[in-house]
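By numbering that gives the first Met the number 0, the letter at position 138 of the sequence shown is numbered 137, and the numbering carries on one by one without gaps.
No lab work stands behind these hints: they were computed from the structure.
There could be a bad hint or two in this list.
[As the list claims (entries may be wrong)] Listed next, the in silico PhoX-like pairs over lysine-lysine satisfying Cα-Cα at most 20 Å (straight line):
no.: 1; residue 1: Lys190; residue 2: Lys133
no.: 2; residue 1: Lys133; residue 2: Lys77
no.: 3; residue 1: Lys133; residue 2: Lys101
no.: 4; residue 1: Lys288; residue 2: Lys357
no.: 5; residue 1: Lys366; residue 2: Lys335
[As the list claims (entries may be wrong)] Here are the in silico distance ranges between beta carbons for each label pair:
no.: 6; residue 1: Gly367; residue 2: Gly228; range: 27 to 33 Å
no.: 7; residue 1: Glu230; residue 2: Glu198; range: 25 to 31 Å
no.: 8; residue 1: Thr111; residue 2: Gly189; range: 20 to 26 Å
The beta carbon of each residue, even a glycine, is placed where N, CA and C say it ideally should be.
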Amino acid sequence: MAQAAAVGALLGASTAFLAPSAAPAPAPALRGAPHSSRDSTGPGLAGAAGVGAAALGLGLLAARPAATACRAAAVKKKGVKVVHGKEIPWNLFSPKAPYQGKVVENDVHKQTLTEPTGDANWETTHVTFDHGGKVPYIEGQSIGGSGFAVMKGEQPAKIRLYSIASSAVGDDQTSKTVSLCVKRVVEVDGKFANRQKGEDKPDKAGTAYPENQVYRGVCSNHICDMTPGDEVLITGPTGAEMLLPEDPEANIIMLATGTGIAPMRSYLRLLFHDKAGASSDGGRKFKGKAWLFMGVPYSKSLLYDDEHQTYKKAFPDQFRYDYAVSREQKNAAGQKMYIQTKMAEYAEELWEMMQDEKTHVYMCGLKGMESGMAECFGPIAEKNGLVWTEFAKAMKKADRYHVEVY
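Please build the complete structure, drawing on both the sequences and the hints.
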């Protein structure tokens, strides 16, 4: 009953979560959340490359101090958390009482996003669940999946959190679906194995290694093999580290490796695509600049490139993106092209952006990105009489530096 009341409050009285205000002002806020990236039964990345989730209703930007909704206050009532005086959905469904949804076909993307690269773990999928409007969330949050394996009769495993890859209204903009970006974890002849020689069978993508010892991540493989109609148990939503700022004139620098793109996609759908992010004058509520840096090993591993191209064409003065394809690109010095290598090409411009109190940095994916930031901006900070680590701490204290890495 308490759970139903909490959902009702969010879907009813607090409809600002689900749809933009009809009044010209104040507008809602940008938000986001964390994610968890390891397939906790073994090594390797689990589905969401990061920890995050998507967001709900978009209120880009109500009038309030230019802080992000990232530091949450204590929970005031079940299913709700107060963040900077605003209620956001929080753990409406627990592992003991999850929400039973189902897999539905996505009307935007086919399930497998990537193409074979020769690596065993080449596949990344986009999987969509129908939650009937009962699991509201906001951009940057995550949902859990302790029940993903239960539906096939297996013993429940540890909770996995996956960054939500859809905006609060969902890819279909009905506020009834949620999408995840999940990498299939497969390791061949490695340190761990849960399939001996002769035991590995073809997965949904047709990949199999019967001649090898194979480790397959339990949760990631289960999700990647799902088909429309399959049932799924959902927990959450949770996460407040990756919430977007409410200032419509904020600047957003996004760094993502692999499936760490999930929360970034939720932001971009809200900012540049969804009706919820449209302003009454036919433009967008978001007036700032958004710059995405994405790192992948192969060009065949790029995620949501078609969407990025569309945003760039429609909003050339507001959206930029740069890719770092480590196994195919090198910089002028012959170094592999990682995110920090690509950012170094624009170090002065990015440094200048970060001096603006309206600029926020979002980082999701591999832990090495943090040291990469220090490598890129340490010298320029020193040149300006500053220490990068201290500068980054100051940004974080001001709620302008948001990190979800694994």
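Now the hints, each set against the structure:
no.	hint	result
1	Lys190 with Lys133	violated, 41 Å
2	Lys133 with Lys77	holds, 14 Å
3	Lys133 with Lys101	holds, 13 Å
4	Lys288 with Lys357	holds, 10 Å
5	Lys366 with Lys335	holds, 18 Å
6	Gly367 with Gly228: 27 to 33 Å	violated, 39 Å
7	Glu230 with Glu198: 25 to 31 Å	holds, 26 Å
8	Thr111 with Gly189: 20 to 26 Å	holds, 23 Å
Consistency with the previously given hints fails for numbers 1 and 6, ordered from lowest to highest.
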